[in-house]
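Just so you know, the sequences run in chain order R and P.
According to our numbering, the stretch in the first sequence is residues 266 to 532, in order.
According to our numbering, the stretch in the second sequence is residues 537 to 616, in order.
Example chain P residues on the side facing chain R (calculated, C-beta under 10 angstroms, incomplete):
id : residue
1  : L577
2  : Q578
3  : L580
4  : E581
5  : L583
6  : R585
7  : E587
8  : N588
9  : E593
10 : P595
11 : D596
The following label-pair restraints were derived from C-beta to C-beta distances:
id : chain 1 : residue 1 : chain 2 : residue 2 : range
12 : P       : G601      : R       : K426      : 27 to 35 angstroms
13 : P       : Y597      : R       : L504      : 18 to 26 angstroms
14 : P       : Q542      : R       : E304      : 51 to 59 angstroms
15 : P       : Q542      : R       : F353      : 54 to 62 angstroms
16 : P       : S561      : R       : A482      : 57 to 65 angstroms
17 : P       : M537      : R       : K426      : 35 to 43 angstroms
18 : P       : E541      : R       : G510      : 47 to 55 angstroms
DSBU-like cross-link-like pairs, simulated, lysine-lysine; straight-line CA separation at most 35 angstroms:
id : chain 1 : residue 1 : chain 2 : residue 2
19 : P       : K570      : R       : K327
20 : R       : K520      : P       : K571
21 : P       : K553      : R       : K327
22 : R       : K519      : P       : K570
23 : R       : K426      : R       : K402
24 : R       : K491      : R       : K426
25 : P       : K553      : R       : K402
26 : R       : K426      : R       : K349
27 : R       : K327      : P       : K571
28 : R       : K402      : P       : K571
29 : P       : K571      : R       : K519
30 : R       : K520      : P       : K570
31 : R       : K267      : R       : K488
32 : P       : K570      : R       : K402
33 : R       : K491      : R       : K267
34 : R       : K488      : R       : K327
Since the hints were derived computationally from the structure, they do not count as laboratory data.
The C-beta atom is built at its ideal place from N, Cα and C for all residues, glycine as well.
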Amino acid sequence: MKSFTGRTLRWEWRKGVIELILDREPANEIGTVMLAELEQFVSASAALNSETSACIISSGRKPGFSAGADLRELYHSAISAGEKERLFGVRGFLERIHAVLNAIDAAPYVTIAAVHGVCFGGGLELALACDIIVADKMARFAFPELRLGLIPGFGGIPRLKRDLGNAFVRDLLLTGRSVNATRAQAVGLVAQVAAQGEALNVARSTAAQITKFDAAARAAAKKFIKPIPHEELRREIDLFCELFGRPAVMASLKKFVESTDAMPYLP
Amino acid sequence: MRTLEQTTQEVLELASKHFQVPAGSLAPDDDFFKKLGIDSLQSLEMLSRLENHFGIELPDYEVQGVSNFRALAERIQSRL
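Build the full structure now, drawing on both the sequences and the hints.
Right, here's the structure in full:
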């Protein structure tokens, strides 16, 4: 299979480059349908490893790359379940999304996130699994999870710690503030900043450069320089589930889901 | 160093340009959420534009609850 169109995303392989486009209203919230389609993508793309040099992940939605996990779906599925069932469901979702992001992280080809608009929470965690982040100059990055009494659960902290200085990680995580592309590039989160509306074109140009290199050397270099922090990723799932079990989290989720505030992502 | 009046004027001009409303139709005490009909994602776009223009960082929590241009300009002024 060299192309796919699903309910939340589509992808196509062409001349050694896969373009995966997230396309779910309103802002590519990652819920069970997108997760299942990402799993399909990971499985299908693995069969193309030997003939793929690069993969670009971008968004077809105007608000941005991804606003993160689908909190409305999370709340509604959690509220209708008992405590044990709720935790079992969340852990199952986390195990699956971790498997997807670990596969993207470890892919032998080069992965590029072409980011515009919001890149928050789970969306940022998806971008962090990629090798290179190209950002539109109007893009914004945030880990707002603490507002819900949670931590990022899709591998965000271990991957951010792998790539960046701990002081910035603390700033982003503990304040929940969003940072612009200029700042994100200054701290090393973003590799390249593109003009407004040009992130995908810059990502394509970068992918075209990557296709020139020897596949074995490229894969070896990536494996050498980008270790996957498996142990911390496992601990993150445990910690997330521990925090998720508290009543305060359900209250925060309810507040978020019912909010009509102009900035509901803020505490 | 800009004065608060200059900063306010630049904020009004940027908002007018970004949201494509006639220059001069916005006033310092206007509620920008009501006047421009913007949502949270659009307010983030505006935040990026302001940060890029003034060369500052303006944390979300500092502008939370701010709804008029004058108060927004005051927050920006404190970071210049």
